[in-house]
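Undergrad: Let the hints inform the model, and build the full structure from the sequences given.
Residue numbers 1 to 357, in full-length UniProt numbering, belong to the letters of the sequence shown in order.
Keep in mind the hints are simulated off the structure, nothing from the lab. All figures in this text were calculated on a predicted structure; none of them were measured in a lab. Where hints are given, some of them may not hold.
Within a straight-line C-alpha distance of at most 27 Å, the following computed DSS-like cross-link-like pairs (lysine-lysine) qualify [stated by the list, open to error]:
hint: 1; residue 1: Lys131; residue 2: Lys184
hint: 2; residue 1: Lys228; residue 2: Lys183
hint: 3; residue 1: Lys228; residue 2: Lys59
hint: 4; residue 1: Lys184; residue 2: Lys120
hint: 5; residue 1: Lys120; residue 2: Lys183
hint: 6; residue 1: Lys184; residue 2: Lys118
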Amino acid sequence: MLNVNTLETDRPALQRHEWPPVAPFSALSAELRSFLDADAGGRQELLSGLRADVEEHGKFIHDSLGVVYAYVYGYPDSPCYLRADVALEAALLGAKLVLEEELIERWLPVQPIPHIEKQKDAVEYLREFTKSNAGVYHELFDYLRAEVTRQAMTDFLRLEVCRNEVVDDEVALLICGLQGNMKKVMVSNLWDECGNGGLQRFHTYWLRRLIERLDDWSFLPRYREREKPWFSAVTSNTFNALLTRSGYKYRAYGSFMTTEAWVEPHFERILDGLARVGLDDDDLAVYFQSHVKIDPHHTEEILGGMNHQTPELTPPEVAEVLRGAHLAVAAGVSQYDRVLRRLRAIALRPGAHDRVT
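TA: In structure tokens:
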């Protein structure tokens, strides 16, 4: 339980900023508007016409899902912020299902998934899989450690803020539909995300510190609208596609297990890169330093929660967890490949090696 007195006294300075740091919704793109207005056949025709170009196909899917999930979470960038619009919401929800199907079944390059029926056998497989899949030691993170320029690292930090800004909401959704030990470990994760009841310990408060140190409060909403690339949302959109569909709740569990296991190897390399380019101020590093300590334990919790789940998961439920783990890898590799190309391109810009942000 909380000490109710802290509700009055817990007022850290950076809490004054609205969160997440998004610009208010302005308008739907012409492409998304056309998609929403189309009937089922028209939507399939529009998607079919994009499939020959994986980049244009991906851009449309992820830009569109970004609007959909802004609607789902209900912050000021939602097209229905503080208002109801039954016609628009019905169109968004219908488009959501079609776009998620397109993402999961057509756009993501998922590798073959083993057939495992028993819960404990699946946990043993996942224990090794989460340590050795293609996302764990992706080239992006070695680049961040050893080669990235200061300018490109600053861009990467902005992408990380956007990627993680509503992670507490995401974990809250992950709790829904689970029971027993699997719910227990997700509640533990959410309580940590929410700082064990202290606002300065909220994981998103550490992101506030990062933004403050970069002096990015006014810049970040503009960056999101003008510069943030579509492919930086691949992992978030894939996870939200699983989180917000009742039939995919076990996929979401497997996906989250996999990405939690990535944190230590990824963030250690990010921290080394921050130090190398002179961006290792405590406010810039705290988010990454803290997660290097926290997330290995959370990974063990998530594996243990599944291992000791009672009643045991059925074979179809086990299969869903495994599919979610493999979807996370497909999404991660798709995103990291493209982010790496972006950072290398930034490194070629004039002034890329300057030490000023």
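Undergrad: With a cut-off of 27 Å on the C-alpha distance, tell me whether Lys131 and Lys184 pass.
TA: Cα-Cα ~23 Å, so holds.
Undergrad: Does Lys120 sit within 27 Å of Lys184, going by the straight-line distance between their CA atoms?
TA: Cα-Cα ~18 Å, so holds.
Undergrad: Given the hint that Lys228 pairs with Lys59, test it: the Cα-Cα distance must not exceed 27 Å.
TA: 12 Å, holds
Undergrad: Lys184 and Lys118 were given as a pair; does the straight-line alpha-carbon distance stay at or below 27 Å?
TA: 21 Å, holds
Undergrad: For the pair supplied as a hint, Lys228 and Lys183, is the alpha-carbon distance within the 27 Å limit?
TA: Violated: Lys228 and Lys183 sit about 34 Å apart, past 27 Å.
Undergrad: Given the hint that Lys120 pairs with Lys183, test it: the Cα-Cα distance must not exceed 27 Å.
TA: Given pair Lys120, Lys183 holds - Cα atoms ~18 Å apart, limit 27 Å.
Checked against the numbered hints given earlier, the structure breaks only hint 2 and satisfies all the rest.
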